[in-house]
Amino acid sequence: DAGVTQTPRHEVAEKGQTIILKCEPVSGHNDLFWYRQTKIQGLELLSYFRSKSLMEDGGAFKDRFKAEMLNSSFSTLKIQPTEPKDSAVYLCASSSGTANTEVFFGKGTRLTVV
Amino acid sequence: QQKVQQSPESLIVPEGGMASLNCTSSDRNVDYFWWYRQHSGKSPKMLMSIFSNGEKEEGRFTVHLNKASLHTSLHIRDSQPSDSALYLCAALNNAGAKLTFGGGTRLTVRP
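Protein chains in written order, with the working numbering: chain A, 1 to 114; chain B, 1 to 111.
Hint data in this document are derived by calculation from the structure and do not stem from the laboratory. Watch out, some of these pointers could steer you wrong.
Below 27 Å or equal to it, Euclidean Cα-Cα: the simulated DSS-like pairs (lysine-lysine) are [as the list claims (entries may be wrong)]:
hint : chain 1 : residue 1 : chain 2 : residue 2
1    : B       : LYS42     : A       : LYS22
2    : B       : LYS42     : B       : LYS98
3    : B       : LYS3      : A       : LYS107
4    : B       : LYS98     : A       : LYS39
5    : B       : LYS3      : A       : LYS39
6    : A       : LYS62     : B       : LYS3
7    : A       : LYS85     : B       : LYS98
8    : B       : LYS45     : A       : LYS107
9    : B       : LYS45     : B       : LYS67
10   : B       : LYS3      : A       : LYS85
11   : A       : LYS78     : B       : LYS45
12   : A       : LYS15     : A       : LYS78
13   : A       : LYS66     : B       : LYS42
14   : B       : LYS98     : A       : LYS22
15   : A       : LYS22     : A       : LYS66
16   : A       : LYS66     : B       : LYS3
17   : A       : LYS39     : B       : LYS42
18   : A       : LYS78     : B       : LYS42
19   : A       : LYS66     : B       : LYS45
20   : A       : LYS62     : A       : LYS85
21   : A       : LYS85     : B       : LYS42
22   : B       : LYS98     : A       : LYS66
23   : B       : LYS42     : A       : LYS107
24   : A       : LYS62     : B       : LYS98
25   : A       : LYS39     : B       : LYS45
26   : A       : LYS107    : B       : LYS98
27   : B       : LYS45     : A       : LYS52
28   : A       : LYS22     : B       : LYS45
29   : B       : LYS98     : A       : LYS78
30   : A       : LYS52     : B       : LYS98
31   : B       : LYS56     : B       : LYS42
It should be emphasised that the depicted structure is a prediction, and the values quoted were computed from it without experimental measurement.
All chains, full assembly: derive it from the sequences and hints.
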């Protein structure tokens, strides 16, 4: 039984580049989340989808961050253009969508922008 | 905007000791709390959940919830070095499905 799959695990980008991170949620899950994790800010929500519809786009992350859910089993997070302050671990997570069920996280993508 | 505050930010306990971690939400509509554990270099994994007032015990881990004060605490007895990790508290209110996470407590258990 596959969990949440994220690719790539590591990404190094030059400032100004466009990068695309990928996520496959747990099969059958309706909710998908993108988080960014840094030591200083902790876990910050970037985007939240329910049944492929964008429910929340993370406010402050709107301008250079764009998440899409092309189908129920695949999502992408595009960062364009990248800046050094975007260096962080990006975590994708999914859940079944009922109120009291567990959210499962992927292993994350560590992004370094130089 | 809902905020989840965790304390302390970091905690060091000796092996075999008791670790106590705290979490409070500022959202009066929070219904559910989770505790996640994240070992270094790994993704967060759910440790325990609590939805009703009172206490819940699973092995060495006990979670308390006081809904009136929106406060939950996690207690780890007989702490082991393998318990060293970042502990994240998450809250869910009755209006939505997205979790709000606290900043975490970094626990170090010294052998």
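Each hint, compared with the structure:
1. B:LYS42 x A:LYS22: With Cα atoms ~18 Å apart, LYS42 of chain B and LYS22 of chain A stay inside 27 Å; holds.
2. B:LYS42 x B:LYS98: holds (21 Å)
3. B:LYS3 x A:LYS107: Judged against 27 Å, a Cα distance of about 25 Å means the pair holds.
4. B:LYS98 x A:LYS39: Measuring from Cα to Cα gives roughly 21 Å; hence the hint holds.
5. B:LYS3 x A:LYS39: holds (17 Å)
6. A:LYS62 x B:LYS3: It holds: about 20 Å lies between the C-alpha atoms, which stays within 27 Å.
7. A:LYS85 x B:LYS98: Satisfied, since the Cα-Cα distance of roughly 25 Å is no more than 27 Å.
8. B:LYS45 x A:LYS107: OK: LYS45 of chain B and LYS107 of chain A at ~10 Å, within 27 Å.
9. B:LYS45 x B:LYS67: With Cα atoms ~24 Å apart, LYS45 of chain B and LYS67 of chain B stay inside 27 Å; holds.
10. B:LYS3 x A:LYS85: Distance of about 23 Å is within 27 Å: holds.
11. A:LYS78 x B:LYS45: holds (25 Å)
12. A:LYS15 x A:LYS78: holds (14 Å)
13. A:LYS66 x B:LYS42: Holds - the C-alpha atoms of LYS42 of chain B and LYS66 of chain A are around 25 Å apart, at most 27 Å.
14. B:LYS98 x A:LYS22: holds (20 Å)
15. A:LYS22 x A:LYS66: holds (12 Å)
16. A:LYS66 x B:LYS3: holds (24 Å)
17. A:LYS39 x B:LYS42: holds (14 Å)
18. A:LYS78 x B:LYS42: holds (23 Å)
19. A:LYS66 x B:LYS45: Holds: LYS66 of chain A and LYS45 of chain B sit about 26 Å apart, inside 27 Å.
20. A:LYS62 x A:LYS85: holds (15 Å)
21. A:LYS85 x B:LYS42: holds (22 Å)
22. B:LYS98 x A:LYS66: holds (18 Å)
23. B:LYS42 x A:LYS107: holds (6 Å)
24. A:LYS62 x B:LYS98: holds (18 Å)
25. A:LYS39 x B:LYS45: holds (18 Å)
26. A:LYS107 x B:LYS98: holds (19 Å)
27. B:LYS45 x A:LYS52: holds (24 Å)
28. A:LYS22 x B:LYS45: Holds, at about 20 Å.
29. B:LYS98 x A:LYS78: holds (21 Å)
30. A:LYS52 x B:LYS98: Cα-Cα ~14 Å, so holds.
31. B:LYS56 x B:LYS42: Cα-Cα ~26 Å, so holds.
In terms of the numbered hints stated before, the structure departs from none.
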